[in-house]
Structures are given as C-alpha cells and as structure tokens.
Amino acid sequence: MLSYILRRIVATLPVMAIVALFVFSLLYIAPGDPAVVIAGDQASPEDVERIRQSLGLNRPFLVQFGGWVWRILHGDLGTSIFTNLPVSAMIGQRLGPTLSLMFVTLLLTIVVAVPLGVVAAWKAGSLIDRVIMGFAVFGFSLPVFVVGYMLAYVFALELEWLPVQGYTPLSSGFWPWLENLILPSIALGCVYIALVARITRAAMLEVLQQDYIRTAKAKGLGQGGILFIHALKNAAVPIVTVIGIGIALLIGGAVVTESVFAIPGLGRLTIDAILRRDYPVIQGIVLLFSFVYVLVNLMIDVVYTLVDPRIRY
Amino acid sequence: MDRRTVLKGLAGAGGLALTGLSAPAVAQGASARTLRFVPQANLANFDPIWGTQYVVRNASAMVWDMLYGIDSSFTPQRQMVESEEVSADGKTWTFKLRPGLKFHDGEPVRSKDVVASLARWTVRDPMGLMIKALQQELTAVDDRTFKWVLKAPYPKLLYALGKNNSPCAFIMPERIAQTDPFKQITEYVGSGPMKFVKGEWVPGAKAVFEKFADYAPRQEKSSWLAGGKQILVDRIEWVVMPDAATAAAALQNGEIDWWENPIADLVPVLKKNKNISVDIGDPLGNIGAFRMNFLYPPFNDVKARRAVLMAMSQEDYMRAIVGDDTALWKPLPGFFTPGTPLYSEMGGDILKGKRDFDAAKKLLAESGYSGQPVTCLVAQDQPITKAQGDVTADLLKKLGMNVDFVATDWGTVGARRALKTPPGQGGWHMFHTWHAGADCVNPGPYNAIRANGDKAWFGWPTSADTEKEVAAWFEAKNLDEEKTTIARLNKAALDDVVFAPTGFFLGYTAWRKNVSGITKGPLPFFWGVSKSA
Numbered sequence: 001m002l003s004y005i006l007r008r009i010v011a012t013l014p015v016m017a018i019v020a021l022f023v024f025s026l027l028y029i030a031p032g033d034p035a036v037v038i039a040g041d042q043a044s045p046e047d048v049e050r051i052r053q054s055l056g057l058n059r060p061f062l063v064q065f066g067g068w069v070w071r072i073l074h075g076d077l078g079t080s081i082f083t084n085l086p087v088s089a090m091i092g093q094r095l096g097p098t099l100s101l102m103f104v105t106l107l108l109t110i111v112v113a114v115p116l117g118v119v120a121a122w123k124a125g126s127l128i129d130r131v132i133m134g135f136a137v138f139g140f141s142l143p144v145f146v147v148g149y150m151l152a153y154v155f156a157l158e159l160e161w162l163p164v165q166g167y168t169p170l171s172s173g174f175w176p177w178l179e180n181l182i183l184p185s186i187a188l189g190c191v192y193i194a195l196v197a198r199i200t201r202a203a204m205l206e207v208l209q210q211d212y213i214r215t216a217k218a219k220g221l222g223q224g225g226i227l228f229i230h231a232l233k234n235a236a237v238p239i240v241t242v243i244g245i246g247i248a249l250l251i252g253g254a255v256v257t258e259s260v261f262a263i264p265g266l267g268r269l270t271i272d273a274i275l276r277r278d279y280p281v282i283q284g285i286v287l288l289f290s291f292v293y294v295l296v297n298l299m300i301d302v303v304y305t306l307v308d309p310r311i312r313y
Numbered sequence: 001m002d003r004r005t006v007l008k009g010l011a012g013a014g015g016l017a018l019t020g021l022s023a024p025a026v027a028q029g030a031s032a033r034t035l036r037f038v039p040q041a042n043l044a045n046f047d048p049i050w051g052t053q054y055v056v057r058n059a060s061a062m063v064w065d066m067l068y069g070i071d072s073s074f075t076p077q078r079q080m081v082e083s084e085e086v087s088a089d090g091k092t093w094t095f096k097l098r099p100g101l102k103f104h105d106g107e108p109v110r111s112k113d114v115v116a117s118l119a120r121w122t123v124r125d126p127m128g129l130m131i132k133a134l135q136q137e138l139t140a141v142d143d144r145t146f147k148w149v150l151k152a153p154y155p156k157l158l159y160a161l162g163k164n165n166s167p168c169a170f171i172m173p174e175r176i177a178q179t180d181p182f183k184q185i186t187e188y189v190g191s192g193p194m195k196f197v198k199g200e201w202v203p204g205a206k207a208v209f210e211k212f213a214d215y216a217p218r219q220e221k222s223s224w225l226a227g228g229k230q231i232l233v234d235r236i237e238w239v240v241m242p243d244a245a246t247a248a249a250a251l252q253n254g255e256i257d258w259w260e261n262p263i264a265d266l267v268p269v270l271k272k273n274k275n276i277s278v279d280i281g282d283p284l285g286n287i288g289a290f291r292m293n294f295l296y297p298p299f300n301d302v303k304a305r306r307a308v309l310m311a312m313s314q315e316d317y318m319r320a321i322v323g324d325d326t327a328l329w330k331p332l333p334g335f336f337t338p339g340t341p342l343y344s345e346m347g348g349d350i351l352k353g354k355r356d357f358d359a360a361k362k363l364l365a366e367s368g369y370s371g372q373p374v375t376c377l378v379a380q381d382q383p384i385t386k387a388q389g390d391v392t393a394d395l396l397k398k399l400g401m402n403v404d405f406v407a408t409d410w411g412t413v414g415a416r417r418a419l420k421t422p423p424g425q426g427g428w429h430m431f432h433t434w435h436a437g438a439d440c441v442n443p444g445p446y447n448a449i450r451a452n453g454d455k456a457w458f459g460w461p462t463s464a465d466t467e468k469e470v471a472a473w474f475e476a477k478n479l480d481e482e483k484t485t486i487a488r489l490n491k492a493a494l495d496d497v498v499f500a501p502t503g504f505f506l507g508y509t510a511w512r513k514n515v516s517g518i519t520k521g522p523l524p525f526f527w528g529v530s531k532s533a
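As you go down the protein sequences, you meet chains A and B in turn.
In terms of my numbering, the first sequence is residues 1 to 313.
In terms of my numbering, the second sequence is residues 1 to 533.
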C-alpha cells in the first residue's frame, strides 16, 4: 500500500507539470493585459510599455515559463502583479476561510445526506422516500445564490440569529467561527446533499437486494444493524467516490458562496485575479487546486481499501 | 428570473421587514470607535502613484497628506505648506512647510521628502508631466523650504498640487518616494491623519486604518481635501463586498456603517429603513461616454461621427444606466461637469431636442459608409459599459450600420482599445467608458478631452481647434478667461466629436444614522466623521 501511495504521489508530478504548462499557455494567449489595468486610464502607451517591461511581460514565452517553473521548483509561487505580495502569502490568507467552508459543508453533507439516502432506500417507494427524493430534486435545482439569499433573509435579516456576511477565524473562538459558516455551508451544501443522498439511495437499493442481507434478516439482525453495518459498508464505494468528486463541486460552488456571504476565501481571490489578469495569482491557485484534486483522488483510492478489503493495489 | 431580480426581491423584503426595528443584530457590540466602510472596489494595491484607480486614491487620501488640497469651490488651499512665494516672472516658486509635520514612523517631514515625492509624481501625472517638461530645478533649500524653478510660468501649479484627480501629489518619505514610479512601493509610511495597518490587509477583502495620534491637522474647517483633517474614530475598516445585496443586508443589519455606492436598484429598500440615511454621494457625478476610432472608416470622417451624435438619445443611455430615478441623471450637451464653474453648453445643440434619424442617415451616407462592420467593444462585467453598449448597438442598427458587437470583459477592452491596428485585425471602432465628474471640471486632469492625435487618449482624436483652447485654458489668468476658453473648447470638441458624451449621472451613498459628519464630495472623506454607539 505504501509503495502504491508513493507511486501515485510521484505520478502526480507529470500531471502537475502538464497542468502548469496548460495554465501558463492559456494565460499567455488570453486577451487582456495587466500592464494596461495597472497603468490606468490616463496612461500613455509608453507608460504601459514601461510597466510591461518592469513586470517582465514582454519577455519571450519560453523565458517567462522557464523562470516561473524555476521559481516553483524553489517553492516560490511568485509575487502578485497588483498587490506586490507573495502569492503564497495571499493564498495563505485565503486558505483558512475556504477550508473552513468546505469542511463544515462536507461534514454537514455526510451527516445529513448519507442517513437520508439510507432511509430513502430502506423505505423505497414510500412517502418518506418520495419526500427525500423530492428534496434532492429541489436541492439540485436551486442555484446556490438563491438559497444563500433566502437563508440570509430568514436567519439574518428576519430572525437575526446569524450574521449576513463575513468570516471569523477559529482562533477567535469556536462559535464566532461557526456562526459565520452555518448559512454559507447550508447554501453550498444543498446541491451536494442532494447528490450524495441520491447516490447513497441507489447504492443501498442494490445492496439491499443481495442474499447476505436476506440472510442477515433471517438471522434476526436488527434493522439498524442491517442498514448501517452490513448494507452501508458494502454500498460505500460509490458513495465515497461521489463525495470525492463533490469536492470539485465544492470548490466551484465556493466561488459563488464566498461572494454572496462576503467570505474572503480562495474563490473570491480567483475571480479577482482573473478579472485583473493577475497571472501569478491565477497560476498559483490553479496549481493548488489541481494538487488538491490529485490528492483527493489518492485519498479516495486509499479509502476504497478500507471500506472494501477485496480491493488491493 | 435572474440573479439580480432575486436579490432585489429578497433585499426588498428584508428592508420592509426591518422597517421599524431598532436594534442592529450581530455587530451590536462593536466599538463605536471603529467605522466599518464598504468601498466602491477592492483595494488591490496601495501605491497611489503606481496604481491610479480611484479606490487607491481614496484610501491614500487618509494615509498621505498633500502640500495643497482643493476645497469644494475647486480652489487649492494650503495643506502641508505654510506659505509660498512666486517670483514676478512666475517662474520661481518657493514653498515653506508647516512646522510639526510628521510621518507615521515619527520622522519629521522634510523638504527632501517633498522633493522626492514630487519627482515621482511628475513622472506619472498628466499635469505633473507638463510641469516636469517646464522644470529647470526642484531643490530642497533647507528642512522646511524647497524651490521649484520653471523655464516658463505654469499658472495652474497650485491646482496641480492640490487636485483630487488621480494620481494626487501625496507626500512620502524620501526613501520610499525614490522608488521607480513604475514599480510599487513596499512600505506604507504616511504623512496623513490615518495609518495603514499592513498586517491586517487582505487584498480583496479588508483594509484597516488607524488614527495617527501625532498628525497635526490645520485649524480651519475641513472642505474636501483642504482644511483640518480631524479624525473622530480610532479605526476604520474597509470591508470589500462584491455582492450588492449582501452589502445592503449588512448595512440593514448593522454589520457595516457606511456603504460608499449602493446600486440604484437597492436604494428604495435602504430608504425605507429608518436606521439608514441615503443621499447623493458625489455631486460631481460621472459622465458616460463612448469613443470612436479616428484612425479608420467610417469614424475617420467627422460626418459619420456627427451622424451618430445627431441620432443618439442621452435619455436612453441614462435610463439604461441608472433606471427611472430622474434625480440621478441629466442630459449633457457638452463635456464638462454640470454645476461646476466652467460648465458650458456651447455647441451642444446637436445633442438637444428631437432626434433626427433621417438627417443622421443622410449625413452617414455622405461620409461614404457602405455597410462595413462596425466593431463595438462592450465590457459585460461593468454594468455601466454594458448598459451603454446595448443602447449603442440599437442606435447603430437603427442608423443602418452593420454592428459587430464584441461582448467581452473590461480587462480585454482595456488591452484591445490600445491597439491601433485596423478593426478587422484586432482593432476596434467604438468602446464605452465613463469619467468621474471630478476629472471633467477643467482640462487639467481631463485626458479624454485632448485631441492631439497620436498622443491623445484611445480613439486618437485630432482637433486643432480643441487643442488650441486646451492650451489657452492652461494660460488663462482668471476665471472669466477660463470660462470663455472652455465654452469655445466645448464647441470645438462637439463639432469634431472628440468623443460622444452619453449624459451625466449621479450615485447614492448610504450610512447608518448613528454615523454623522459624512459630506458630499468626489471621494469619501473620513475626517469629521463620527459614530455613536
């Protein structure tokens, strides 16, 4: 297993290199010029050219790419064109809010969606099943921003239970941290809960038809034990897979959620950087996200072996 | 149903629900000594000479002081300067600094700091560049005295030093001001009434300013950038909120105290809340505009440009930008900011009255236009340019033009508009923008009105008459002369259609009623603003 993990980690390197080349090339050919944005409306073409030169944007593609790769290999993601701050520091500032949002959303999803899917499968065809699946359709259909505004209206403006916006780091206390994350996590989690609940139901339905479940029932095992010990464990592989894939959804959804709830996370940083053509920041974030995807996939593969001993690498 | 409709409905419902409620919820315990402000945009960098965005200028006005500052009558008043003398020939200026001026690191402000700051500013500012071209020497005489010797008189020198247009002539310590004007500074040691807290700066989310205890304000009453800059709170937090509905809800909920520029859609909601005041923020407003490329047909012919002007309805543009609130806009048959001393409508008849499409079409045909595509750049991520672009596309189609509507983002428009290549090869025919009214009060900071061909702003207009009057304004000795010159300039620029003004529009600002001292002006002024619990 250890050698497998090591092989997978080594295999990520060419993936990251391809991603890096792709992102760099894409930004190089994309329209827009950060020097123009920096220079402002009053600048002369000579001013813009001087800024472009000071930023090294007028150097040949390969020289720019080579310099960037060299810095990456030395652990330096570069410096933001606009803020003049190290990209790693900017990502560091934004990592906490995004990770917090994703963690709470993921927790909420697992705690809510898996039991809902199990119950829906158990009561397949009943009113309970239809209500749960109806909720799933609702969760799929509603855009994150609509849910966000509705939640903010009810729980922040009407009831005044929770804040409308912002983020408080965990170091300032558990409740201040959590109260800022409850509404965004529910908003972001809706689609994710719907997805996981549906997959859980489908996987469970298949497992519940198996002979060993009938045997367990014949042996007089309790319903809870059958569902959550025998059935759920055997239905876990697709559920784990979809939870993993869902992390990609979370990153995408975080962009909107962070804007609606004014959370200073990576999603907002990404949008700001793209609109301003802040190349080093965009490159740094994309590299980070691709690394996270690769890592999540690896973790999923490892979890497979834990939930299904038949799987060996 | 789109996102904006949903948020408007929800924010509206929230506003109605909160009307009559008195207690702000979450931030009730926040100190009355901290003012939480939502700026117009993200403070992405903090060098007012390197980055000329308004939001950078607005933050910098708290942190760095100026030698002079213009007041609400556009008159430069002494700020860091105690006195000045000008020689009889108008070429030698000698300035003396006020005693007791300090930087945020405790060091006194010396003439050498001023000299270095001005040297950096003159490289980037349009008026500064003119002064630099005339400069013979700029030297520190002693710690409080410095001298500026010019080869020829520059009557607008004090205005240039005190103007509020970006980049302003902010004073920094010499070691910082010696930074290449095309590179960002890395230290933020100011000379103004507030200190920038670099450690709490999260670009795109938050910027924090703390009161500088050793700042020596002038004793006069403050007026815009002039007078005593008395800070009445200990801390000002700028909270960046990209979503307008969130900012509206946060203001209603008491999580923020002042929102610089609420969008027109949400203002009715805010007005209904008894805890919130709403008023026009900047009386100088904005001037909408689109520019036509003088280098290529059809707009290299003044007849084609005038045909567009003859047919366009400024009301259509203004309603597209600000909606049906007629208090927020007015037609603008000229180029200069309404309500300011130099405002003129001379030559503006072409923009007044009923629109004459038949005459416009005839004029367009006379220009030789024969259906070639007209490349119209429209940034979709800026509501103002998007609204104007949609109106223009409709206008051109009605005129019988073949519109190549390029829907893109502002970053792309910014890069593409600088291209002088033919429209079919990456260039363009038209793009949309807008100018802060504060930049359009006179030709000093108003680059967009210049018509000196290759050296002019994008579109590269050429109009000898316009340039003649711009030069005359710089030479004008008094307000009467300036007014006469500007009237002629307005006419010349309209005759040649240097660009197309789409109208004058205003914006609101909103704050909670426990905040007082907010004044109307071209930027948010924090001096004199206080907050009760």
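Treat each hint with caution, since some may be false.
[Said to hold, decoys possible] Here are some, though not all, of the chain B residues that point toward chain A, as calculated from beta-carbon distances under 10 Å:
| # | residue |
| --- | --- |
| 1 | F46 |
| 2 | I185 |
| 3 | T186 |
| 4 | Q252 |
| 5 | N253 |
| 6 | E255 |
| 7 | P331 |
| 8 | V413 |
[Unchecked claim] So the derived list for chain B, only partly shown, Cβ under 8 Å to chain A, looks like this:
| # | residue |
| --- | --- |
| 9 | G51 |
| 10 | K132 |
| 11 | P203 |
| 12 | A205 |
| 13 | G411 |
| 14 | R416 |
Calculated directly from the structure, the hints in this document are not laboratory data.
Owing to the predicted nature of the structure, the values given are computational and were not obtained by experimental measurement.
We put the beta carbon where it would ideally sit given N, CA and C, even for glycine.
Each hint tested on the structure:
no. : hint : in the structure
1   : F46  : holds, 8 Å
2   : I185 : holds, 8 Å
3   : T186 : holds, 6 Å
4   : Q252 : holds, 6 Å
5   : N253 : holds, 5 Å
6   : E255 : holds, 6 Å
7   : P331 : violated, 24 Å
8   : V413 : holds, 9 Å
9   : G51  : holds, 6 Å
10  : K132 : violated, 13 Å
11  : P203 : holds, 4 Å
12  : A205 : holds, 3 Å
13  : G411 : holds, 4 Å
14  : R416 : holds, 7 Å
Checked against the numbered hints above, the structure violates hints 7 and 10; every other hint is satisfied.
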